[in-house]
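Engineer: Chain B: place on chain A using the hints.
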Amino acid sequence: MNPILAEIYSTVIPSAPYVIAAYALIWIILLVYVVIIMRGNQKAQKQMMLLEEQLAELKAGK
Amino acid sequence: MGKSKGASPKLPEVGQWPDKIAPAVAIAGIVLTTLGFLMAFFYVPPVAGAAVDGVELIGGMMVANKLLISQKIFYFHMPVAMVSFVALAFSCYYGVRFLMTREWRYDTCSAIAIEIALVFVVATMATGEMWTRFEWGVWWTWEPRLTTYLVLMLIVIAYFVLRSAVDEPERRGVFCSVIAIIATIDVPICFAITRLIPSSIHPVVLREGGMSGEMGMCVALVAAGMFCIGFALYRARFGQVRLAQRVEAMKESLED
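Read top to bottom, the protein sequences are chains A and B. Take 1 as the starting number for the first sequence in our numbering and just add one per residue. Take 1001 as the starting number for the second sequence in our numbering and just add one per residue.
Derived from the structure by calculation, the hints contain no laboratory data. Beta carbons are placed, not taken as given, at the ideal position from N, Cα and C, and that holds for glycine. Any given hint might turn out to be false.
[Unchecked claim] Reference listing, derived: stretches of chain A covered by chain B, where coverage requires no fewer than 3 residues with Cβ under 8 Å from a Cβ of chain B:
#	stretch
1	18-26
2	29-37
3	48-60
[Unchecked claim] No farther apart than 25 Å at their CA atoms in a straight line, the calculated lysine-lysine pairs in the PhoX-like style are these:
#	chain 1	residue 1	chain 2	residue 2
4	A	Lys46	B	Lys1251
5	B	Lys1010	B	Lys1020
6	B	Lys1251	A	Lys59
7	B	Lys1251	A	Lys43
8	A	Lys59	A	Lys46
9	A	Lys43	B	Lys1020
10	A	Lys46	B	Lys1020
If we strip away everything but chain A, and leave its shape as in the complex, we get (with noise of 0.2 Å):
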C-alpha cells in the first residue's frame, strides 16, 4: 500500500476492538436484562400457580 493510504488508513485496525466492544457491550448489558426480566417472570409465574393450587385445594376442602 502506498505510504499516504496506509496514513490515512492508520488508525482503522487498531480502533477495531474497541468499536467492535462498544457495539458488542450494548447489546450484552440490554440482553443481559431481558434474561432478568424474564427469568424473574417464570419465577413470579410458577409462584401464581402454585398459590393457585393451594387456593383451589383449600376451597375444595371447605
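Structural biologist: This is chain B only, laid out in the frame that chain A set:
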C-alpha cells in the same frame, strides 16, 4: 412492597394501552437500531482526523486526513445516554407523584424507570470507555463530563442500595423518591458541564461544528430505536414486577 390505598382508573397497570403497543414498539426498536447500525458503517462517511502528508482519491473523494472509525461509537453512545436521561426524568416524575399521593404504584414505576436508567447509564459508560481508551489512551480520566456522569451513575446505584437497606416501606418510598429527584437534577449538570467548563476535552457536537445531515439522520434513527427499546423494556419489567406483587399479595391473603 406496601399495599395500595385503593383502586384508581388512572393508576398505571398491566394491560393498559402501553402494553398493547409494547410488542410492536420493541420490534420497531430492533429494526430502527439495526438500520442505524448499518447506516453508521455503510452510509455515513468516516470523520476526518489528523492531516496526512498528501492526498488520495478514495471512493470519488479527495482524502487528506486519517479516517476515524472510532467515532462510529458515537452513533450509539449518544442515543443510549439520551435514553438514560429520559428514563431518569420519568423516575423523577413518578417519584414526585409518589410524594404527593403516597400511592405505591408510583413508587414501583419510579423504581422501574430508574432501573431502565441504570441499564442505559451502564451502556453509555461502557461505550464511552471504549472510545476513551482508544482516543485518549486511558481507561479513565477525571474530565468534567465523565466525572459528572460517574456521579450520576453512583446516585442511581445508591438508589438501589437504599431501597434494599430501608425496611419500613413508607420511609423507603420517600427516600427513594428524593434520590430519584436528586439524580434527575444531575442530568442538566451532566449535559451542560462541557459548555460550563471550557477546558473540558469531551467532544461537544455543536461546539465542533454540528453534525452533517447523514450523521444527524443516523443519530436520530438510533435514538428513536433506543427509545422504543427502553419503552418496551420498561413495560416488560413493569408487567413482571406487578405479577410478583400480586403473588406477594396472594401469599399474604392465604396466610391470613
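Engineer: Hint by hint, say whether it matches the structure.
Structural biologist: Tested hints:
no.: 1; hint: 18-26; result: holds (count 7)
no.: 2; hint: 29-37; result: holds (count 5)
no.: 3; hint: 48-60; result: holds (count 5)
no.: 4; hint: A/Lys46 / B/Lys1251; result: holds, 13 Å
no.: 5; hint: B/Lys1010 / B/Lys1020; result: holds, 17 Å
no.: 6; hint: B/Lys1251 / A/Lys59; result: holds, 15 Å
no.: 7; hint: B/Lys1251 / A/Lys43; result: holds, 14 Å
no.: 8; hint: A/Lys59 / A/Lys46; result: holds, 20 Å
no.: 9; hint: A/Lys43 / B/Lys1020; result: holds, 23 Å
no.: 10; hint: A/Lys46 / B/Lys1020; result: holds, 24 Å
Violation of the numbered hints given earlier is absent; every hint is satisfied by the structure.
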